[in-house]
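Colleague: Residue numbers (this note's numbering), protein chains in the order written: chain A, 52 to 200; chain B, 52 to 200; chain C, 52 to 200; chain D, 52 to 200.
A hint or two may mislead.
Each computed EDC-like pair below joins lysine to aspartate or glutamate, with the alpha-carbon atoms no more than 16 angstroms apart [said to hold, decoys possible]:
1) K163/C <-> E151/D
2) K165/A <-> E151/B
3) K80/B <-> E187/B
4) K163/B <-> E151/A
Just so you know, the hints here were simulated from the structure itself, not pulled from any lab data. Treat the numbers as computed from the prediction; the structure is a model and nothing was measured.
Protein chains: 4
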Amino acid sequence: MQIAVVGGGVCSPDVRKTAERLGRLLAEKGHILICGGLGGVMEAVCRGAKEAGGVTLGILPGRRSDANPYVGIAVATGMGHARNVIIIESCDAVIALPGEHGTLSEIALALKMKRPVISLGSWEISGTIKASDPDEALEILTRGFRHRI
Amino acid sequence: MQIAVVGGGVCSPDVRKTAERLGRLLAEKGHILICGGLGGVMEAVCRGAKEAGGVTLGILPGRRSDANPYVGIAVATGMGHARNVIIIESCDAVIALPGEHGTLSEIALALKMKRPVISLGSWEISGTIKASDPDEALEILTRGFRHRI
Amino acid sequence: MQIAVVGGGVCSPDVRKTAERLGRLLAEKGHILICGGLGGVMEAVCRGAKEAGGVTLGILPGRRSDANPYVGIAVATGMGHARNVIIIESCDAVIALPGEHGTLSEIALALKMKRPVISLGSWEISGTIKASDPDEALEILTRGFRHRI
Amino acid sequence: MQIAVVGGGVCSPDVRKTAERLGRLLAEKGHILICGGLGGVMEAVCRGAKEAGGVTLGILPGRRSDANPYVGIAVATGMGHARNVIIIESCDAVIALPGEHGTLSEIALALKMKRPVISLGSWEISGTIKASDPDEALEILTRGFRHRI
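Please take these sequences and the hints and turn them into a complete structure.
Modeller: Put into structure tokens, the structure is as follows:
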């Protein structure tokens, strides 16, 4: 599957560790990781996935040179926040880590666009599915969402 | 000012009445109304503004022919939900009426993009300013936001 | 009608004069002028239209503050060149003045999107209609395109 | 490098053969192929690249399900023609095969955005570099563009 991971452009060391583990698990399961390609949660999840040999796709607001070092394929949109719509349109499911209003906007957009959203310590609004750690998030992905939404 | 009004594509008669009054007030103050150009809240606010002689700008997800009858100037993007970014980028402030995840997504995006957001019966999240009716919303617009955000 | 005018972001004094006259004629006929909102041809055509009391809509690649002083309604996309698609999607016909590759790109896009394109001293490719001055361009608009394309 | 290939959504058997060979050569050199992900030239070049074990990235105007069968990673934009800007922004160089106004629009946009454009039987305008077959196109890519533009 193509799994989008969203979250803050800056993050705490704990969140970074969670994001890295999530990236590693996604790669090990053969999922393609999609994210915004910048820093914070995006960089940490790419790092985890890349170091585990996974495919990391960064959909950037600006230019390719803005990508973090663990983005394998950089799609540069030059479209600012509108790139969020592409991230969601391109994925089968979203996993949300902690973030601020930008992250909330992506979560709400994903729900509007009928993508399942797993909240891993992020905003919890009607329609999101809560996971307490990366392993549980993967377990939810694996068993499917139909009965949860 | 260019004021964006967001809210559900379908709405109750009460919300419609509120939106129409809001449109009328915006027009009377000489503001340009920006919205998504479709039905529900968007149509009601356009109707109120148009009938009061205001400028109504609809930024549509698809084609111009999708515009409600009270859109004076139709900007057709063909870009789906990405048009929300244009609505926010083009406005000085956002007034949010009731809506679902799409509306929440616009509110959060507006906060991310540093636009003041007045919630008129809509989602209230950290950063939004609550107004209890259209008149209060206009009063907040008029006296400015600097001390509120 | 909503008429898009495209052309170079810098232009010669002669082209500026042509663009200003074109803007004036469009406004006098009650057409809404759509353009990219920046300098050169865009500024001159807005100036002509604005001074004749017309509606001028600038669809900007960046922010509203980038608009030339004769843009009446500024739509800021933050989407760079992708804003060209919105200009074309929003118009009934395109009038092209001299410009470089950016202008050619808009002309070709307009033809792809089935908009009539009048070339007023601009690129002439299969499908464009040639006009020798602004008055002839308006005459072509007025009598319709169906038998020309 | 990330190389964009543009051309018609339908094409002749000869052009298809050229596109397939081009895809194969790009993959053999380790380039990432970027294209619009649909039929015609896009499908043929993806097929050639995919069968040679290459990475094929399709940046689609609509949904992922519109992708041709040889797209390895599908980026769905839901943005129609605006996706062309993303294709160009994301690439180091463009190779253009025969196509109509849509292809011309992409060539002109690429030149506007300062990407080298190799014309392989496609539109030749000021600024494009002519190649007579896929092997010559690859040779031009390999030796660099600086002295050609």
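Colleague: For every hint, state whether the structure bears it out.
Modeller: Right, here's what the structure says about each hint:
no., hint, in the structure
1, K163/C <-> E151/D, "holds, 8 angstroms"
2, K165/A <-> E151/B, "holds, 13 angstroms"
3, K80/B <-> E187/B, "holds, 14 angstroms"
4, K163/B <-> E151/A, "holds, 8 angstroms"
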